[in-house]
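Chemist: For reference, the chains in residue letters:
Protein chains: 2
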Amino acid sequence: MSLVIVGSLAFDSIETPTARRVRIVGGSGSYCALAASFFTRPKVVGVVGRDFPTETLNFFRRRGIDLKGVEVRPGKTFFWEGRYGADPNLRTTIRTELNVFKDYRPRLPESYRRPDIVFLANIDPDLQEDILNQAGNPRLVAMDTIELWIKTKRRALLDVLRRVDVFFCNDQEAQMLGGEINIVKSGRALLEKGPRWVVVKKGEHGVLVVGRDRSFCLPGHPTEIVTDPTGAGDCFAGGFLGSLDRTGRADERSIRRATAFGSVMASFAIEDFGIERFKRLKQKDVEERFLVFKKLVRF
Amino acid sequence: MSLVIVGSLAFDSIETPTARRVRIVGGSGSYCALAASFFTRPKVVGVVGRDFPTETLNFFRRRGIDLKGVEVRPGKTFFWEGRYGADPNLRTTIRTELNVFKDYRPRLPESYRRPDIVFLANIDPDLQEDILNQAGNPRLVAMDTIELWIKTKRRALLDVLRRVDVFFCNDQEAQMLGGEINIVKSGRALLEKGPRWVVVKKGEHGVLVVGRDRSFCLPGHPTEIVTDPTGAGDCFAGGFLGSLDRTGRADERSIRRATAFGSVMASFAIEDFGIERFKRLKQKDVEERFLVFKKLVRF
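Which chain is which? The protein sequence lines are A and B, in order.
Residue 228 in the numbering used here sits at position 228 of the first sequence, with consecutive numbering throughout.
Positions in the second sequence are counted from 1; adding 299 to them yields the numbering used here.
Note that these hints are calculated values from the structure, not bench results.
There may be inaccurate statements among the hints.
[Said to hold, decoys possible] If you want the ones that stay clear, here's a sample from chain B, every Cβ over 10 Å from chain A, calculated:
(1) 386
(2) 395
(3) 402
(4) 449
[Claimed, not checked] One-sided and incomplete, this derived list gives chain B residues near chain A with beta-carbon spacing under 10 Å:
(5) 484
(6) 487
(7) 504
(8) 506
(9) 588
(10) 592
(11) 594
All C-beta atoms in this analysis are idealised placements derived from N, C-alpha and C, irrespective of residue type, glycine included.
Here chain A stands alone, though its shape is the one from the complex (with noise of 0.2 Å):
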């Protein structure tokens, strides 16, 4: 079993109604492979600069996570600043520094090749494709996007996801790619541009899986604290693939499941801060929230 995560590795600003925190540890790559780190020892390929804590990398590695494909380069870490409004779902990115993500080329260390599966997180869809040409044949390729790509690289996306088995992308996303407003007939239309499996996160909505032969659903973990959602879909994939590269299995039923341990992670990281709700949670957290979902829907 083997899992590689290719994202970002940042700082964030964060606002929110209630709060702000500065500078604090965040990226689609940390997200994912903490969440993952619960279910298989994620390799992690991306780039931070000098002024990045050790001690997170350190955190990292407690965490059983391969750190073999992170460049430190001089300079400073890609930084992003965003604003949530009450309702949690609307953001404003207030400012984005590329930073040693600039010119950054991603690459594969020796070991991490022919793995099992690979996740292409949010960033710029060259450099997917770049990974996917070193990869070997994985079992199982799974990618992000985000709107920036859908509208400014949307003939390399495209190229990215015919090579795709899982594509992860929000409801807004789903329509644009897909272009229909009702998001099945959208995952539907996703469906023949390559991937096996479309999974259109929908935030507290929970979530729709689109399948070639059957489509499922989960809602979201029915919460009342919502203290950062940023990360929230990084967790979700981080489960997910965490989940199936735990499994070995990528069938119906092991689909489903990973589902549902991606809800339970994202469900968890929003929950405080960055990446602080991961620095207190147990195993058996993540099993017995397994079950809450199991009962939320139960009937």
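Chain A is already provided as a structure; the job is to place chain B on it using the hints.
Modeler: Just chain B now, with coordinates in the frame of chain A:
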């Protein structure tokens, strides 16, 4: 077992981005009773004008619906005209004509008194209160409302709510009445105002049921066909309460099954205009879609 439904029987003119229907039969009482008729023999209280089609009343009767409580008055039936945008969750009311509903005071026929379940559809809270005073001591009282009453008759609405076991609302109504953007928090706030169960209908995003000891959720049926969303909420209530009436219990397990049957009936309603879908719906279709919902969330 007995279920009394107090609501409107109406004509609706409906415009969607692709089609238009003029003066077709609708109304919360019609929708709810038809949906409930797949589970029990509901008794309807309402009023129509002499223009209401006899063939529709006969169709209701063939479905086992008791119309003893429906008054036929000189004049025109209640009329509503509305338009849906490309997003079927957004609708605009163009016109409302109360007609015979103006000055109408619902009366429970003797044979309707002391029912097991009373459903107060989205009518004026004063009429809802009046009905409760006539009903004796039902085992279960359910109510629905609309934004209009929250804005114009909040006090009266809260008075009825204190006597209610199951409160149906949509997410905006939950936020308005509960005072919180987070609908779980709003649901809990509403529990403080009387009901044992707050059922928040979220359209395509499914339903959240907040209870005193436990909450649960179901996603919406992932359909590509949304022909006409009118009446989906009333059909949800009809399936929910019909199922409870058939079961004769209102424990958590029964409420969960009722939620699934509510979702099933709402999912059928939106597949055609007005009450059309129910004209060709078979009992086995209902049971089959119940199983579809079961599979939808299985993991």
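Chemist: So which of those numbered hints doesn't the model satisfy?
Modeler: 1 and 9
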